[in-house]
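Asks: As a plain string of letters, each chain reads:
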Amino acid sequence: MNESTDENVPLSDEKITTIQERTLKIEKSKLHMTIPQGAINEIEQVIREEIN
Amino acid sequence: MELIRLRLQNFRQFRDESIEFARGDKKNVTVVHGSNGAGKTTLLNAFTWLFYGEVSFDTRPDRLVNEGVIADASLEDKISVVVGLKFNHENKTYLAKRESTYQKQTDDDLDGVRVDHDVTLDRKSGANWSPVNNPQDMLTQIVPERLSELFFFDGEDIDNLAGIDNQDQIRKAIENIMGLTILERAVKHLGDAAKRFEKEAGDLGSDEYKQLIQDKNEIKEEAEELERKKVDKINAKDQLEREIDDIKMKLRSRPGTAELQREREELEEDLKEEKSEINQLTKELADIVGERGFASVAVPLIRETAEDLNELRKEGVIPSELSDSYLDDLLNAEMCLCGRSLSDDVEHREYRNIVEELKGDGVADGVEGSALRIIHDIDRFTEYQQSVSKNIETKMEERSKSRTNKEKLEEKISEVGRKLESEGESARELEDTLENKNDERDNKIREIQDIENKIKTKKSRIEDKKEEISKKEDERQETKLAKRRQEGAKRVQSTLENSFYQLKDTVRKMSNKRVNEKFGQIATKDLTAKINQDFELKITQTVGNDEVEVDKSTGERQIASLAFIGSLVSIARDRYEQDTDSDYFEGGIYPLVMDSPFGALDKSHRRQISKVIPTLANQVIVFATDSQWEGPVEQEMSRRAAQQYWLNFEPGDGSTTYPKTQLQAEKLTAGGD
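Chains A and B supply the protein sequences, listed in that same order. Position 18 (the first sequence) corresponds to 18 in my numbering; numbering is contiguous. Position 335 (the second sequence) corresponds to 335 in my numbering; numbering is contiguous.
There may be inaccurate statements among the hints.
Stated by the list, open to error - Using 27 Å as the maximum straight-line C-alpha spacing, the simulated DSS-like pairs for lysine-lysine come out as follows:
hint	chain 1	residue 1	chain 2	residue 2
1	B	Lys660	A	Lys28
2	B	Lys124	A	Lys28
3	B	Lys509	A	Lys28
4	B	Lys408	B	Lys275
5	B	Lys408	A	Lys28
6	B	Lys188	A	Lys30
7	B	Lys27	B	Lys603
8	B	Lys472	B	Lys97
9	A	Lys30	B	Lys408
10	A	Lys30	B	Lys172
11	A	Lys25	B	Lys195
12	A	Lys25	B	Lys504
13	B	Lys172	A	Lys15
Source of the hints: derived by calculation from the structure; they are not laboratory data.
This is chain A alone, in the form it adopts within the complex:
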C-alpha cells in the first residue's frame, strides 16, 4: 500500500518499519562485500516505492 501524498499526514510507523526491514535485508545480502556496491541505489528505490 502506498503512503498518502498529503504531507500534513505524518508517515505511519508501519511504513517506517517496512522501509527499515527492507533496508536491513539489502544490507544483509551485501554483508559479504567489502564495499557494498549498489546499496544506496536500492535503498533509494525502496523509499520511492514505499512513499509515493
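Given the coordinates of chain A, work out where chain B should sit on it, guided by the hints.
Replies: Okay, now just chain B, sitting in the frame of chain A:
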C-alpha cells in the same frame, strides 16, 4: 559450517593429497604435524585460496603450481591446480572447488602462466549434486573474508592481535560478527539516500529553496573539514604526549636526574590539581553571577524605588483617599484625562460607571498596597544581596589562594627544571626538548579548543538553516514528495542509529564477559583480560584498590588473542543456536584453523592453551611442529584429537627432483623438527 574433507592437487608442494577432518562432539580436533617448511602454512593458504582466491607465502609467492609437475610438463601441457573442500553448512552438504590452469612459457619456467580459472560450488540434494549460482558470493557469505584472519590464522602473528597496532582489527571483528556492520552501513546509506532526496527537492523547488539547501550543505562541508582538522590535531597532540612521556621516562631512569624528575612529576601533579580547582571555582562564580548576580544590580534600584515611594507616601501623594478625591474631581468635572466625557447622559454613562467603580479599596490595594509591600520587603532584598555578595567574596578568596599556590608551584617546577639542566649536557638537551614539546602540546590544545568553538558555531548555523528549510513551503507536488521521502529516510536512519548504539553496548559487555572467562581459564598469572569502551583488548592487574594495565608478554598477548577469538566464535555459535528473528544478528558456526598457535609460549602456557583450544569452536584444526606438540600439548590434546596427519616433506635437489609433501596418517620416524 563443518569441514569434512580437503583435497589439494598440484598446489605448491602437494601433488594429490587429502585430509579428513575430525567431526566428533568430544573428539573435534584434527592435528597436522610438520617441520618448518614442510607445508603447514601452505595448508592454511589452501583454505584462503579456495574461499577468496588469495594466498600469502613468504617464499615464491607467485608460484602456485607444483614445481615437479610443471618441470616435467611440455610447453603444450595444461596443468590444473585444484583445491577442493567438502563441508556441511546449515544442514546441507557442499563441494567447493577452485581450479587454475597453468602453462609453462619456456623449458625452464617453473611458475607458468595462468590460462584459465574457475570456482564451482555444488550442493547435495538427495543423491544428486547441483551447482549453486554465484559460487564466489556464496562462499564469502559462508565465511566472510573480513573474518578470515580470525578463523584461518597464523599463530606466528596471533599475539599481535592484542598489540597496540591491531586494536582496530578487534573492533572490526566484533562489529562484523555481531551484526553491527549491517546497522552501521544501513545508517550511512540511509543518510546518503536522504541527501539525494534533499537534492531532488532542491532541484525541483524554488530558487530560494535551492539556495537554502546549498547554503546548509556548504556550512556542513566546512564543519566536516573542521572535524577532520580536529582529528589531525588530536593525533598530533597524542603523539607529542607520547614523546613527552618518553623524555620523562629517560629523565626518571638517569641516576643524576631521577630524583629531580620524580620531584617535578609530583609538583606537576599538584599543579594539575590546583588548575582544576581554579577552573572549578571560576565555574562556580560564573554560576552564582548568572543565577543570583541580579541582586547586586537590582537591590540598589529596589531600594531607590522604595525610598521614593515612602517619600510620596509621607507627602500623601499615594494614599487611596487622595486617589478617590482625584477621581471625584474628574467626575465632577465630567471630563476624563483621556478626553472622554464623563457626563451622566445615556451616551457617556458607561464611562462614568467605570471611573466610579475604580474608587475605594481596589485602588488602595493596587497602588498603596504595592508600595507598602516594596517598602516592607526592602530588608529581605538587602539580606539576599548580602548573602550573594558574601558567597562571591568567599569563592574569590579561595580562587585567589589557589592562584597564589599555582604560581608557587610553577616557580618550584621551573626551579627543578633549572637544577635538571645543570645535570650535564644530555640532561639539558632533554630539558630543552621537553620544554619545546610541552609548548607544542599546549599550542595544539589551544588549536583544538579553537576548532571546537568554530565547529559549534557551524553546527548552530546548520540548525538555523534546517529550520528555515523546514519552514519553507513549496507548492509543487514533486517537491513535497521528495521532502517526504527525505523525512522517511531520516526517520529510519534515526531508529537504526539508536539500535546500533544499544547493540554496540550489549555486544561490548557480552564480549568482555566471555573474553574474561576464557582468559581466566588459560592465564596463569593474576591477570584480567577485558574489552574496554573503545573495543580495545586490554590486560589488567589489580594493585591495591586500582586496576592497572600491564605490559603484556608475548605469551599473555597470545593467550588474550586466543581468548578473544574463542569468545567471538562461541558468541556467534550461541547466537546461531538461539535461532532469533533479528534482522541483523544471526551468528554462525565457524571452525578454527590454526597454524602454530603455540609459537612463543612456555610449557605452562602451552598446557593451559591446549586445554582450552578444543573448547573454542565446534571443530578445531591445529598445525604444529613436533617440538611444539611434544610434552604438555600432546598430553592435553591427544585425547581430543580424532584425526592426526604428518607432513612427509622431501626438498628435492632442484634439478631432477623437486619439493614434495605427502600427507600420512601414520607417524614416520623421520618426521618433525
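Asks: Is the straight-line distance between the alpha-carbon of Lys472 (chain B) and that of Lys97 (chain B) 27 Å or less?
Replies: 60 Å, violated
Asks: Holds or violated: Lys188 (chain B) with Lys30 (chain A), Cα cutoff 27 Å?
Replies: 14 Å, holds
Asks: Quick one, are Lys124 (chain B) and Lys28 (chain A) close enough, alpha carbons at most 27 Å?
Replies: With a Cα-Cα distance of about 25 Å, the restraint between Lys124 (chain B) and Lys28 (chain A) holds, given a limit of 27 Å.
Asks: Please work out if Lys25 (chain A) and Lys504 (chain B) have their alpha carbons no farther apart than 27 Å.
Replies: Roughly 20 Å separates the two Cα atoms, so the pair holds.
Asks: With the threshold set at 27 Å, check whether the alpha-carbon distance from Lys509 (chain B) to Lys28 (chain A) stays at or below it.
Replies: Holds - the C-alpha atoms of Lys28 (chain A) and Lys509 (chain B) are around 24 Å apart, at most 27 Å.
Asks: Holds or violated: are the alpha carbons of Lys25 (chain A) and Lys195 (chain B) at most 27 Å from each other?
Replies: With a Cα-Cα distance of about 21 Å, the restraint between Lys25 (chain A) and Lys195 (chain B) holds, given a limit of 27 Å.
Asks: Starting from Lys172 (chain B), check that the Cα of Lys15 (chain A) is at most 27 Å away, please.
Replies: Violated, at roughly 32 Å.
Asks: Within a Cα-Cα threshold of 27 Å, do Lys408 (chain B) and Lys275 (chain B) meet the stated pairing?
Replies: Holds, at roughly 12 Å.
Asks: Do the alpha carbons of Lys30 (chain A) and Lys172 (chain B) lie within 27 Å of each other, as the hint requires?
Replies: 16 Å, holds
Asks: Take the C-alpha atoms of Lys660 (chain B) and Lys28 (chain A), compute the straight-line distance between them, and say whether it is at most 27 Å.
Replies: Violated - the C-alpha atoms of Lys28 (chain A) and Lys660 (chain B) are around 43 Å apart, more than 27 Å.
Asks: Is the straight-line distance between the alpha-carbon of Lys408 (chain B) and that of Lys28 (chain A) 27 Å or less?
Replies: 63 Å, violated
Asks: Lys27 (chain B) and Lys603 (chain B) were given as a pair; does the straight-line alpha-carbon distance stay at or below 27 Å?
Replies: 23 Å, holds
Violated hints for the displayed structure, listed by number in ascending order: 1, 5, 8, 9 and 13.
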